[in-house]
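Keeping the supplied structure of chain Y fixed, place chain X upon it in accordance with the hints.
Protein sequence lines correspond, in order, to chains Y and X.
The first sequence begins at 1 in the numbering used here and counts up one residue at a time.
The second sequence begins at 1 in the numbering used here and counts up one residue at a time.
Covered by chain X, per the in silico footprint, the following chain Y stretches (three or more residues, Cβ under 8 angstroms):
hint, region
1, 197-211
2, 256-269
Among the chain X residues that face chain Y by a calculated CB cut under 8 angstroms, a handful are:
hint, residue
3, R170
4, F171
5, N172
6, T174
7, M175
8, R178
9, N224
10, G225
11, G226
12, M229
13, T230
These are calculated hints, taken from the structure and not from any lab test.
If you're wondering where the values come from, they're calculated on a predicted model, not measured in any experiment.
Each residue gets a CB set at the ideal place from its N, CA and C atoms; glycine is no exception.
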Amino acid sequence: MILDELFGESLEKTLETKLPLRFDENGRFRVLMVSDIHGGVGYNRKKTVAAMEALVESSHPQLVLLGGDTAGPGYIHIETTDDLRSLLSDISAPMESRGIPWAHVFGNHDDNYGVKNEDAERVYEEFPHCVSKAGPAGLSGVGNYLLPVYPSVGTDPVFGVWGMDSHGGMTEFAERHGKSEPVKMLHPFAGGHGSYDSVDIEQVMWYYLVSKEIEKRYGRKLPALMYAHIPLPEYEIIVQNKDDTHFFGYHDEDVACTALNPGLFRAIVERGDVRAFFCGHDHWNDWQAEYLGIKLGYDASMSYHACQNNFLRGGRIFEVNESDPWNIATETIKIRDIMGHAGDSDE
Amino acid sequence: MSVIEMKRDIFCVIMVHSLGGSAERAAPGLEKAVRASPPDLVILNGDIVCGISDPDEFASAASLIARAAGATGAKFAVTFGDRDDKNGLTRADQLAVYRSLGCLTEAGEDDIDGVGNCVISVKKDGKTVLCVRLFDSHAETTAYEREYGSPSRSRLPYPLYSHYYMDGVRFNQTMWLRRTCDTEIPELLFFHIPTPEHAQLPLNASQVGFDGVQCEEVRCQTVNGGLSMTAADLGNVLGIFCGNDEKNDFFGHWGGMTLGVAPSFAETGTAHLIEFSRNDGKPCLHVSRITA
Chain Y
1 MILDELFGES LEKTLETKLP LRFDENGRFR VLMVSDIHGG VGYNRKKTVA AMEALVESSH
61 PQLVLLGGDT AGPGYIHIET TDDLRSLLSD ISAPMESRGI PWAHVFGNHD DNYGVKNEDA
121 ERVYEEFPHC VSKAGPAGLS GVGNYLLPVY PSVGTDPVFG VWGMDSHGGM TEFAERHGKS
181 EPVKMLHPFA GGHGSYDSVD IEQVMWYYLV SKEIEKRYGR KLPALMYAHI PLPEYEIIVQ
241 NKDDTHFFGY HDEDVACTAL NPGLFRAIVE RGDVRAFFCG HDHWNDWQAE YLGIKLGYDA
301 SMSYHACQNN FLRGGRIFEV NESDPWNIAT ETIKIRDIMG HAGDSDE
Chain X
1 MSVIEMKRDI FCVIMVHSLG GSAERAAPGL EKAVRASPPD LVILNGDIVC GISDPDEFAS
61 AASLIARAAG ATGAKFAVTF GDRDDKNGLT RADQLAVYRS LGCLTEAGED DIDGVGNCVI
121 SVKKDGKTVL CVRLFDSHAE TTAYEREYGS PSRSRLPYPL YSHYYMDGVR FNQTMWLRRT
181 CDTEIPELLF FHIPTPEHAQ LPLNASQVGF DGVQCEEVRC QTVNGGLSMT AADLGNVLGI
241 FCGNDEKNDF FGHWGGMTLG VAPSFAETGT AHLIEFSRND GKPCLHVSRI TA
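Here chain Y stands alone, though its shape is the one from the complex (with noise of 0.2 angstroms):
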């Protein structure tokens, strides 16, 4: 009733997928998350399409997700709707032949080479396996929604991936909220170099709500995995007490956040469903901490031409059991591991 009110969207609504997700006859679900892939007309399709397909083959999925920054910018050459449908269709194919739904999230790049996201997102449904979804209408931004994962055998989820749809940078904030110039930022920021943007206030309150109307339909509090393109301010606290965080991976590139914080990470610590959330967004970045018994990390990029990195290229998986699905387990899972070279070779 609320959510319809303030939101335009029904909890039955949030809770419909194109595709139901299980847990697998084992009692296990896991994710694989790519992540910057940076495509277009002019990327190197070879690489890209050979790479996608051992991560997909070597990590068995049950979903996929996208991490954002999946087209774009503009000079790998893609203008429009059908240079993405085309870069899609190179990039899904292991997801869409194999049958295992996939769903992604916009980064700071995808809308700024001449496709809106909005038109985006209609290609990237009309996808069969696609399990995206725009999200209610009365939120800012295109693609914040929850994937329901249910039991092996069951009608309630027991699991719930969340995407998030952090943005771009600060002057797009300055526009999307109606100000004549860009909130100051403040120093230090709360992480790099501060100008990029986040998630809005009211996107935050959609999560609570929508948390809280969960919880009371089904008597117990969903578990969740919560992604997004950009990542928390609270990125930045992780890497000056690595020590204090089971800090665990690399991190060779600032934190790329806003300077303005929404509250998102205290909403997901009050509401105490979401124990894992990750982004991408920072290529070179692939670590993984805990903060107030919250697993935060990086997804590092799959590009092969925007600020590559040989050595971190790949992806990330996530498993849960059935059993325990507070659990979430995690590692990366690199391309020169599981193809013997990083892909760059012309082999």
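Frame of chain Y; chain X shown alone:
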């Protein structure tokens, strides 16, 4: 909703916090500050009467403070700080005592965390011209570790700006502001524990028109509840005024608002004076200090 009449062209608020362990010692200073102003509203912004476990003793200490606050006929309101927990009385019981002495603070909605989340409507000629919004900013972070069941093995890392671990205004309270705020009416926000953005002001002195002194780390909120960004985004919030610190005393401008941190009244005898008026129909805020 509590209502207060704006009798002059200026609406004047005096804000003090951390009155110390002895109401007998704090009351004369408070009365002096009030007489020097005089205000339309006195906000006792947390850590008011601390360390008393006997209800009768608490009531008599509270009445000394209330009498001083009302020395010139002004109304008063309270918010709760981290040390108000260190009484034998719950926050709800303390609020009942304050209300019996004329306090405008109301308990607030049940499904929002804390006691005393409320709005005081300032009316002129029957129309609301200003909202004064009060929040419970809770206590130290141990409270939310307990409440939210975060595993103890995840030690809290040092926050970015201070080594204190404070709870602060929670996201569900931020959401209450976002949902109930009328963006056509100017608002002032008051609570005890500063937001992380308050703690960033001294580090950005030239950008924010920093006015005052920083003598110690700002004891700000550890996990950002999104309040400052939300208030900046709403556009009608003129200022966010906090306490908690002992000696820090500053104002700064950020996101179209004035953010302020006042020092402990017991330590310094300093009150923050916040004056609201309209200039050519545009809302105006003037901030200054009074030292008793």
